[in-house]
Amino acid sequence: MSDMIRKTSLWERLGFDIAYGYSEGRKVLILSALFVLLLITVGVAITFGAYSISIVDVYGIVLAHLSPFGDLSSVTKLHNTIVWELRIPRVLLAVAVGTALATAGAVFQGCFRNPLVEPYILGISSGAAFGAAMGIVFSSFFLSIQLSAFIFGSMAVAMAYFLARVRKETPIVTLILAGVIIGSIFSAMVSILKYIATDAALREIVFWLMGGFYYATWNDVHLLVPIIIPSFLIMWALGWKLNILSMGDDEARALGVNPEKYKFVLITLATLVTSLAVSTVGIIAWVGLMMPHATRMMLGPDHRYVIPASAMLGGSYLLVCDTMARTLTSAEIPVGIITSILGAPYLFYLLRTRGKAMLG
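Residue numbering for the sequence shown follows full-length UniProt numbering, starting at 1 and increasing by one per position.
Everything labelled a hint here was simulated from the structure, so no lab data went into it.
The reader is advised that the hints may include incorrect statements.
[Said to hold, decoys possible] Beta-carbon label-pair distances, calculated as ranges:
id, residue 1, residue 2, range
1, S144, V28, 16 to 22 Å
2, R352, H222, 40 to 46 Å
3, S67, N258, 44 to 50 Å
4, L233, Y346, 25 to 31 Å
5, R352, D71, 53 to 59 Å
6, S67, G256, 46 to 52 Å
7, Y51, I337, 21 to 27 Å
8, T174, E251, 51 to 57 Å
9, M297, M210, 45 to 51 Å
10, T198, V265, 38 to 44 Å
[Unchecked claim] Simulated crosslink set (DSSO-like; lysine-lysine; CA at most 27 Å straight-line):
id, residue 1, residue 2
11, K27, K168
12, K194, K27
13, K263, K194
Computed from a predicted structure; not experimentally measured.
Built from N, CA and C at the ideal position, the CB exists for glycine as well.
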């Protein structure tokens, strides 16, 4: 029996590639297409705005800053400010946040074995929002906004998980209900903070809760990217472990994988990137639900491909939403409103078409 297991491909034993018929070539092609889509979206987003700048001028400004032989004397000060100081940090931050939320959603869905799970539904976003609001209201003697958001985001997912756990099992419906309960509690506490906040802190909390990239700076990029990239790489490297965890704890133990250890690592990393994203740009819902599910429809359930595809698709999607937010009207629309408008119908579609399979 052991000889047969050694001779059989892990993916054949798990039934991912054969059962779903997705060839390796097709997966690589789709990943390449998503990468090209992300590059195109970045290029278009930098040129779009109230002040139109050609892609040639954008390329010249970027080259002038990045090349050791770059010459900024040929670049107008206005164009340089718009492209390098305003648009590029915003574009990079949107890609980073979209990557973080989509990757976290894929990891949570794999760990909890259901594509309806995402950071917003589990209450992490509400917990991180409360932590960040605490940092805003009590900024003089409280923890930093990012650290506070991570602590309370971690508390939210831990509370939801242990509240839903029954007889060493975690039913999906119970987990979702627990996430709703925990999210409601933290949302109520955010309302209390808004009630006692000063006018300046209240305005900051209100704008921040709607989600947006209005104040994106290079400092935000320097804060998020060095944490999101290694966290993403670790989660991607553990993708094949996540495939085994998706089968259930008993099956994972039978294959020699410690489910508690790997779930702890994966959930901690997913919570970290979600909390960082929320603490920087506010609550942006549905990205973590929609993107992993969309990539599974294209690539199948193999997390070695789902995680990078979700990251690229999430970055592109959130960047498109942000570009719409700042160009549709003269007054900028919070990007969280746009993602919610698009996300709610998508959840309705999932429940109508695949609800029994997901909740069963």
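Checklist line | Which numbered hints fail | finding: Hints 1, 8, 9, 11, 12, 13 not satisfied by this model.
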